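In case you want the letters, here they are:
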Amino acid sequence: MSDDVSNAMDADAVVLRDVSFAYRAGTPVVARCSLRAPRGRILALLGPNGSGKTTLLKLIAGALAPDQGVVERAGLVGYVPQLLHLSFAYSVLDVVLMGRARKIGLFATPSRRDVDAAMTALGRVGMKTFADRSFDELSGGERQLVALARALAADAEILVLDEPTSALDLRHQEIVLRWMQTLVRDDGLTIVFSTHQPQHADAVAHDVALVHGPGRVDVGPAEQMLEAGLVGSLFGVAMRRVVANPQRDPEGTLVVDFAIARYRGMHRY
Amino acid sequence: MTDTGTVHEQQSRRVRLVLLALSVLLGALMLLSLCLGRYPVSPLTALQILWSGMTGFVPSVAAWTDTDVLVVSTVRLPRVLVAAIAGGALGLSGATLQGLFRNPLVGPQVVGISNGAAWGGVVAILLGANFVGALAWTFGFAMLALVAVFALSRLSGNTSILSVVLAGIIVSAFFTALVGLAEFLADAERQLPGIVYWLLGSFATVTSTSLWVIGVPVLVAGVPLLFMRWHVNVLSLGDETATALGLRAPQLRWLVLCLVAMLVTAQVSVSGAVGWVGLVVPHIARRLVGPNHQALMPASTLLGALYLLGMDDIARTMAEQELPIGVLTALVGTPVFAVVFWRSQARGWVRE
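Residue numbers (our numbering), protein chains in the order written: chain A, 1 to 269; chain B, 270 to 621.
No lab work stands behind these hints: they were computed from the structure.
Just to be clear, a hint being listed does not mean it is correct.
[Said to hold, decoys possible] Here's a subset of chain A near chain B, in silico, CB distances under 7 Å, partners left out:
id : residue
1  : Tyr23
2  : Gly75
3  : Tyr79
4  : Ser87
5  : Asp94
6  : Phe107
In this text the structure is predicted, and so the values were computed from the model without any measurement.
Yeah, the Cβ is synthetic: ideal placement off N, Cα and C, and Gly gets one too.
Bound conformation, chain B alone (with noise of 0.2 Å):
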């Protein structure tokens, strides 16, 4: 007892080593990515700034310019809070959704919610809806495609990976068609190059609203779902295991998944559909603290922020023009994907 005691300790020490560390990175990349871009502040002025700001304490000889506090607090700081909770949400969604759903290729986007999510983001923008009204018409579009990939699954009788992974291909496909209809009727001066822009992905016009706009909804959503991650576990039993443990299955896991289609929506509507964050993060989270969703979740959301503000920074630093953030996720993504999926097959996941 005292063996197996010390080892599940010597375990959950490891976990909390991991989190710490991934902590401590994710603190130093937003550091960092406060100093880079076109005008150069150094981490030092950026510290002081951020003091300054928080305490409202002025020294008498002032290090720094207007200019680097404008860029520091006003340009930089919104966008890499944004960057960072957004990829938070999706990293935190992907690994919910795998435990979910069982299964190791399922993300946001495979499940449909981030494709009803951007075609809610479209008829907001056709509507010229406010960011309120935005953020309501992709949650009902992200709620109506999980739902549908729901219903779908069931129809052909089980919710077994490979009917959940089709219907979630028919719904996303579904969605797809929509947002290309809405392109070729969009009004092309005024509202596709809106709706295009917007659907590549990019966190170049995130303000501090966005920062509200994203960071009330992860919040309201994200807590609790960390708090309920230990029942992920049971979850991922399957429903009829999860009702014989004492869980009432199938309501908790339409609520974690309602949960999780508010952190894909909030992501969404602030900066457009990213894919391939909360597919892969995942599997590289399950590499460093195991499959026990307990330190998974955790993981995964430090994870999917550095993730995120990493490719961010990339984004807007490595070429003149910005790059779109969704075609660069998915550029590194899906390379990143093929490796850490074949080589996770020996770690983490049942071989079927």
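Just chain A, with the same shape it has in the complex (with noise of 0.2 Å):
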């Protein structure tokens, strides 16, 4: 797999080094971040509410730039925000051409080949037939495979998304996770995503970045950072693991709802 190339010079598809960023002067939501999410690998940034994952994420995918630090990219990054809201009712085709727009000329409009490859990214998805349906129409899971479609119209190598499960049911959440490793397997694409639901991070991720909070986001493998007592400190509550050791089935796929039978959280109270 792509691990066997890990140990090649650029090997990184994102580099952060020491990057802080505030919304407001004085109340830093990151503060003196650095990680780095290797290329062709699936990087989770697991923490609860209010950490400042998403912060963390547009920094990785330049919608914002950092107060300090630097943040370096290997190839063009495509951010999935963690729910598409649209003003207008655009068709399908019309949000995943707005993935272009890089493309496509101040003065220009999406020519043939811009709609032939919208069209292919959709396919990517399975989301083909809807591309004339209105975006509004969508349910949840379909907007969200719809954003990603948007992302790799772009040609993005690297993914960028924000929280892709949590608003979705649970067989949507599987669908979704299924076309990230889908992704990454088959187009060696690098996906950052950001999750509060541990067993996501399980049953993708191959790192795992906790992030506790400004000035603390501790990164590694993800066998060894999904341990149940760091997970557990991180969340602030007790955790222990249900299956110890999982096994994964030989086609590289998970069935999510085993992953989620695996952590049972505990409260103190």
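With the hints in hand, could you dock these two chains into one complex?
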């Protein structure tokens, strides 16, 4: 797998060095954060609500500029927000076409080739038949896949996904997680995503960053970081791993609700 | 793939048809407008006069009188062109602003541009400025109003629908108050009638000079704006998302806003504050061609031209005395807006 090439010099898709950011002066949301996302792998940012995951992702995607520090990206980043909200009922194809914004000149409109690229991107997440539907008629899971397609249409090599599963029901959680795995395995993309559900990090991530809050982000391989004690202290709940040593099935696919059963939160009070 | 590709092509064909139909309608209405009035001229005569004016060709037996020529070429033609250009500018401004602010209630008037420009025009009248000076004053205050609205809405921490509309109301009210003060202090003999008449909005004073005053800025601002129409789609996703998609969103937004301010300024400096065009027209256009700005902005331009030209025809032919166009557009625009807005909730706008 892609692990084999990880000893190459430019093995990292994203590198953050001492990055700090504050929306209001004096209250940093990200403080002196350093982390790297290896190429061709999935990095999960795991942490409770309000720990700064979204801000960190926006910094990685370039939607926000750091106050201090450096963000390096070895490729084009496609950003998929937590909820893709539109004020206008654009068609699915219109939405995906917007992913081509970089390639369409300021005084130009999408060409035939842009439309083809958008259709191809929709096909890659199995949504081709939805092209002419109105985006606001879609379910949450379908919207998430369209947002993924929009990032793919940009020819992004790095996908940054903000809580891609949090608004979805179990079936759509599984669908989105599977597509993430497929895109990394088959197309060699790098994915950075945030979640507050340990089982989702466990299901797909190679590496996990535990985001405690400004100034404390611990990164490591998934097996090491998803240890019950570490995850428990991250969320402030007692946890134990129900299955000590999970077996991934040979095709590399995982059944999500199996993964969910592995953690049972036990509140202290 | 072929299926959806075909549907996509069908849609763009439909859009082209709608735009073509609107253009033909506009041409027909312009011709009709040349003929309408206290001194009627037949459409054929009007066409012949235009043709001879353009080519210099004069038939040996002229089928028209000198009065016909005067009425069509000197009196009505500039007015018809100016009204159509002004309407197009307002329709385009409205569609652009609604996309930019992601807000169905936004129009040039709501975000303060119109009122700022109106105050600029009043200042110009008080100072006795010539038309270049008037243009500069109206543009300056239109931009100032826009900056103020943006700054105020930012103070509340976001540019949500409510904060923009509230900021617009505040800024508009401030400039309206300034205008009121100016009316009170103005010389009742020399300045006040000019101010009041201009503020009500009218195309009655239009001359061929007005055609230049409105035509040049509208061309300079409108053409690039129409070319950038697809990017308004991307800007309508909000600054953060647009930036993540690779646009320099804040700069682009300001560029677009400056162009819009230029359009509105040109209209206001020629015909006073004409409300309820930029707000209403995009809603009707959205029902015809859908929410994609690539189709919406041209459609809204043509529809705005049709709408304002039609209104001006009514204004100058309905009563013995000419009606102020601003009063008429508000009178017609408000109920139309009420109906269109509630019905358009079902299409083109995502329900909140």
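Status of the hints after comparison with the structure:
1. Tyr23: violated (9 Å)
2. Gly75: violated (13 Å)
3. Tyr79: holds (4 Å)
4. Ser87: holds (4 Å)
5. Asp94: holds (5 Å)
6. Phe107: holds (4 Å)
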